[in-house]
Amino acid sequence: MTQAMTGAKMVVQALKDQGVEVVFGYPGGAVLPIYDEIFQQNEIRHILVRHEQGAVHAAEGYARSTGKPGVVLVTSGPGATNAVTGITDALLDSIPLVVLTGQVPTFMVGNDAFQEADTVGITRPCTKHNWLVKETDKLAEILHQAFHVATTGRPGPVLIDIPKDVQFATGTYTEPRRAKVDHYRPRLKGDMEAITRLVEAMETAERPIFYTGGGVINSGDAASQLLRELVDATGFPVTSTLMGLGAYPASGKNWLGMLGMHGLYEANLAMHDCDLMINIGARFDDRITGRVADFSPHSVKAHIDIDPSSINKTIRADIPIIGDVAHVLEDVVRLWKSRGRKVNKTAHAKWWARIEEWKKIDCLKYEPSGTIIKPQYALQRLEALTKGRDRYICTEVGQHQMWAAQFLGFEAPKRWMTSGGLGTMGYGFPASIGVQLAHPEALVINVAGEGSWLMNMQEMGTAVQYHLPVKQFILNNERLGMVRQWQTLLHGGRYSHSWSEALPDFVKLAEAFGAKGIQCTDPADLDDAIMDMIAYDGPVLFDCLVEKHENCFPMIPSGEPHNKMLLGNASTDDAIGASGAVLV
Amino acid sequence: MAALNIEKGTSRHSAYDLRDPNAETIETHTLAVLVDNEAGVLARVIGLFSGRGYNIDSLTVAEVDHEGHTSRITIVTTGTAAVIEQIKAQLGRIVPVHEVHDLTTEGPSVERELALFKVAGKGEKRVEAMRLADIFRANVVDSTLESFVFEITGTPGKIDAFADLMRPLGLREMARTGVAALSRGA
Ligand SMILES: Cc1cc2nc3c(=O)[nH]c(=O)nc-3n(C[C@H](O)[C@H](O)[C@H](O)COP(=O)(O)OP(=O)(O)OC[C@H]3O[C@@H](n4cnc5c(N)ncnc54)[C@H](O)[C@@H]3O)c2cc1C
Ligand SMILES: Cc1ncc(C[n+]2csc(CCOP(=O)(O)OP(=O)(O)O)c2C)c(N)n1
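So the sequences go chain by chain: A and B. Per the working numbering, residue 1 is the first one in the first sequence, and the count goes up by one each step. Per the working numbering, residue 1001 is the first one in the second sequence, and the count goes up by one each step.
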């Protein structure tokens, strides 16, 4: 069935045909025809944000917590450029997004027209793919292709730039099943020969470890299920990157906690000393490897990743397996079982005994206080009081983010939304809005630093307008804490511009928006205050005044190997050496 | 380690099975990239090289299949084995890229480049330029009493050599197309 309709109507029709329920957007001259179509229907809900960056992060939160692509609609010029940070964030964290931008009419493109920007040029390096649509007849097919590309293979953001005359003109609508998408079909099944080599290695390894990442979450719920089955059946220890938390449950008996720069001592030492490392959907990020030359020097490394460019990028894989996590793990589990479920039990007992020794260091230990709220304590209480609930956690970027990763436990995938690759301050609040929209009944908490939170605070208007009861849990140290920590370690305690003198009164700020504000300064009041926050049916801004000079440990100083980790009682002044100083 | 009988550095998916992955030797490779002939595709490829700090020694592009809207981009690049492998993987993930071939490792191939040389001079020098052009099988495509434009086809090395010879004989301008390359055999 082919149908004639305007480009603007095609956009709405294609979104419906793709099963889109929510669009995050902000109107302007170059997208008015599309907004007019949105006005005349009820199937697709449009959420009016307060800044285009907020729209993109909200769509990321929606996407990460549902596994579905997030959709964004913004105008040309400043609308598009405001979206760029969010799009780049989604690219680095492999989040599927479809971003629609308005553009000046085709006959004015290139004339420095009002609100013209070369959106396709600007976003070429920060999208998985992008299109400038020049004919209405091609629009529908491109829209369907965009959804296909965003969600297939390694997910990522795509952008479609639609000139205003293309929106007004009439063309023929193409249905999803008629759109040509065959050319882009990344391989899902892994090479059986490589999988066999992996299984052989698993059977004999003395010190194996699973190193899992965001790719397990990207692959879908079946991947997490298979990972759990494999870990429990083999008895191997498992650690995860920041992006993969929840794929294996924090309460699982083989869980070592997060690895990396601020990861757990036992996880990092196990990575350093293992003889078989099985990387499942992680990308050997520099927060993980530290000094590459010293990274896990004695291990054979298997690497399962859907993107061939992730393999051998920084760390050489001895057993590379290109494919989708769920597909590959299915084969691994089946083959390992059919070969008799062999593992090197005696060696594992010794391996676990060493791991237990490392755990005794109790690397998350901190100096408790009866008078000041320690940020770690605040998170321990938040965990205790919200555990077991239908809970989603977002974060901003900084120390609070790392403490949240260390002190909160994630039992299921898609429950943890954080900006890992780009490290975008201002991500968490809008992301929490997107999550709450997708899960209206759930408890959605954004663990924030006051610095980050202020970067997209205007979204409180959105939360209030749509009655989204998101809880903004600010660990307020009145410092750009992570920057301050690095200045302690690297710059002789010269705190150049890492604190803000004029912070707002967060309670009044909340009230000004029509939300609830809570302030807590005393550890003795904390539990009640958190319970008030949870009980309130509406957005809450929780200003938790915490210790101002706490450092986040453990920490592997940049440029150092895993076994050179700083622990809480370490002497930290200028702990980062000359070669590490140039690294970020 | 003893318990594992896996050889290190034996990744099968790459052309570098037997090479030392950590070798720092710089290699030159010719890549043939088949792409959809759509707006911006060249910008994507060039943006990849500049954005990730890879080298481009030569780049040519033209449509090769009008019906199928496909173009062939030939890129000559340099880097360590690991960098070349990354370049190929990164090219492969560009959505409109269909195929990436490393002509340097996928068996024997032929490479040709076309160049135009404008050489001006009189007397002895003019005669000598003409004589050398003949040896190099360059064609004269324009001539005045005081100048020639030579057209020459060959490997980049042959063209470099011709340029070196023409310089003292009055080389004024030179235009090169960059390398086009195909694998040998069927
Ligand atoms: C202040 C700060 C500190 C940080 N400290 C740490 C730290 O201590 N520890 C830490 O771990 N991180 C830390 N990070 C995050 C870090 O920067 C990286 O974002 C993170 O480590 C990357 O996670 P990942 O390797 O799981 O890869 P992701 O970015 O999640 O990438 C996923 C990988 O899986 C692949 N993939 C995608 N889909 C599939 C599929 N279906 N099948 C197979 N493969 C697939 C992709 O190709 C990609 O290679 C920090 C970030 C910030 C901002
Ligand atoms: C947009 C942006 N700008 C700058 C940075 C660099 N940066 C990383 S952490 C940080 C401090 C964050 O402070 P805050 O949000 O208060 O959190 P805290 O570290 O104190 O928990 C800064 C400035 C960043 N990650 N993102």
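Note that these hints are calculated values from the structure, not bench results. Where hints are given, some of them may not hold.
Unchecked claim - To give an idea of the interface, some chain B residues facing chain A are shown, with a C-beta separation under 7 angstroms as derived from the structure:
hint : residue
1    : 1047
2    : 1055
3    : 1085
4    : 1093
5    : 1095
6    : 1161
7    : 1163
Just so it is clear, CB atoms sit at the ideal spot from N, CA and C, and this is done for glycine as well.
Evaluated hints:
The restraint placing residue 1047 of chain B at the interface with chain A holds, with a minimum CB-CB distance near 6 angstroms, inside the 7 angstroms limit. Of the supplied interface hints, the one on residue 1055 of chain B is violated, with its beta-carbon coming no nearer than about 18 angstroms to a beta-carbon of chain A, more than 7 angstroms. A cut of 7 angstroms between beta carbons decides the hint on residue 1085 of chain B: the least distance to chain A is about 6 angstroms, and the hint holds. The beta carbon of residue 1093 of chain B comes within 6 angstroms of a beta carbon in chain A, closer than 7 angstroms, and the hint placing it at the interface holds.
At a threshold of 7 angstroms, the smallest CB-CB gap from residue 1095 of chain B to chain A is about 4 angstroms, leaving the interface hint in force. Because the smallest distance between the Cβ of residue 1161 of chain B and any Cβ of chain A comes to about 37 angstroms, over 7 angstroms, the interface hint for this residue is violated. The interface hint given for residue 1163 of chain B is violated, since its Cβ lies 35 angstroms from the closest Cβ of chain A, which is over the 7 angstroms cut-off.
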